[in-house]
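J.: Counting in the working numbering, the sequence shown runs from 90 upward without gaps.
The hints are simulated quantities; they were obtained by calculation from the structure and are not laboratory data.
One or more of the hints may lead you astray.
In silico SDA-like cross-links for lysine to any residue, where the CA-CA straight-line distance does not exceed 20 Å [stated by the list, open to error]:
| # | residue 1 | residue 2 |
| --- | --- | --- |
| 1 | 428 | 411 |
| 2 | 301 | 388 |
| 3 | 378 | 328 |
| 4 | 301 | 272 |
| 5 | 428 | 203 |
| 6 | 378 | 331 |
| 7 | 332 | 284 |
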Amino acid sequence: MQHALQHGLERVIVAIPYTSIIEQTADQYVRIFGEKAVLEHHSAVDVDDPDEDLSPAHVQARLASQNWDVPIVVTTTVQLFDSIFANRSSRMRKLHNLARSVLILDEVQTLPPELLDPILDALQELTAHYSTTVVLCSATVPDYTDTPYGKNWPQAHDIVAQPEHHFEALHRVRYELLAGEASWDEVAQWMRAEPQCMAVVNTRNDALALVKALADSDVLHLSTWLCGKHRREVLAQVRHRLKSGLPCRLVATQVVEAGVDLDFPVVFRALGPLDRIVQAAGRCNREGKLAYGRVVVFNPPGNHAPPGEYRAGMDTTQRLLNQGFTHLDSPATHRRYFKEWYNSVETD
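Using the sequences and the hints, build the whole thing.
T.: Structure representation (structure tokens):
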């Protein structure tokens with residue numbers, strides 16, 4: 090906001106990959122700046138039907154969602170890049186308001202690698218010719234200069250000096266990297282020994298297999314098998330149990346990893362892409378109440394993983410671990426990981 094004021098920019102646009110993070114983020118912005126200053130625009134907030142509600146507030150919200158003419162916009166990366174690349178006037182009506190804005194891409198590591206070249210091209214165009222400032226946010230920030238497209242990407246710089254110092258100061262977990270394959274019964278046994286813990290696995294079927302191995306009627310489950318409303322209810326139950334000191338064991342897929350505000354003392358993470366492991370660790374000792382939280386990385390049975398770039402990221406992580414890159418929170422490790430990963434997938 091200081092940057093926007095100093096350079097006369099007109100709005101701040103925050104693009105977030107998941108609606109679950111958008112809701113908690115938008116709530117905070119509304120609390121600080123008021124409802125009229127903030128537009129929450131994504132698929133779960135439907136203000137597009139003109140016949141549904143003709144009240145002045147609804148009409149104003151519908152117009153704002155069409156052209157983003159508000160000081161602060163909280164949206165999804167899908168809505169953002171639909172607006173940039175769409176060929177329909179309804180989608181493009183907000184395009185001019187990306188100029189002279191601060192554009193914050195939160196959890197930027199989740200940008201799909203197969204679309205990275207056109208995405209970086211569009212962002213470079215906005216910064217070069219439309220007075221847009223792009224801010225890339227993540228605990229695992231990619232270095233796009235190391236990608237095949239990097240020759241066209243301007244050198245980004247850190248907002249804070251010596252980021253390695255801050256990563257070290259905010260080090261809140263210790264990683265335990267287990268060798269060999271662990272069965273679901275073993276993982277279930279580890280979880281039963283912890284009153285509050287979470288296990289994050291790579292696929293929905295793996296999540297169901299672990300829930301079955303736990304054989305605990307109180308175990309909680311989060312994945313895309315659940316609809317959005319059900320996931321929100323489970324998250325509310327998890328937060329209540331954690332805050333009240335009640336037993337809480339959660340089995341989840343990657344839906345809980347990036348940005349979701351949970352704080353477990355112990356997290357078990359199936360081997361996966363490095364950025365996903367570090368994001369899962371962000372749900373462990375999140376508020377720094379412990380000296381260190383425990384993040385246990387294990388090899389799941391069958392080594393299942395979604396195909397494509399997820400599998401490529403998982404294989405890249407295994408290679409780095411074999412080479413001795415065990416300081417998983419280090420920005421240097423992240424740079425090496427993204428360089429190898431982006432060079433192993435098709436980015437266009």
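J.: Determine for every hint whether it applies to the structure shown.
T.: Cross-check of the supplied hints:
Between the alpha carbons of residue 428 and residue 411 the distance comes to roughly 17 Å, so the proposed pair stays at or under 20 Å and holds. Under the criterion of a C-alpha separation no larger than 20 Å, the hint pairing residue 301 with residue 388 is consistent with the structure, at around 18 Å. The straight-line distance between the Cα atoms of residue 378 and residue 328 is roughly 15 Å, inside the 20 Å bound, and the hint therefore holds. A distance of roughly 12 Å separates the Cα atoms of residue 301 and residue 272; the hinted pair therefore holds under the 20 Å criterion.
With a C-alpha separation of about 15 Å, the suggested pairing of residue 428 with residue 203 holds against the 20 Å cut-off. Taken as a hint, the residue 378 and residue 331 pair is honoured in the structure, with Cα atoms around 13 Å apart against an allowance of 20 Å. The hinted pair formed by residue 332 and residue 284 meets the criterion: a straight-line CA distance of about 13 Å does not exceed 20 Å.
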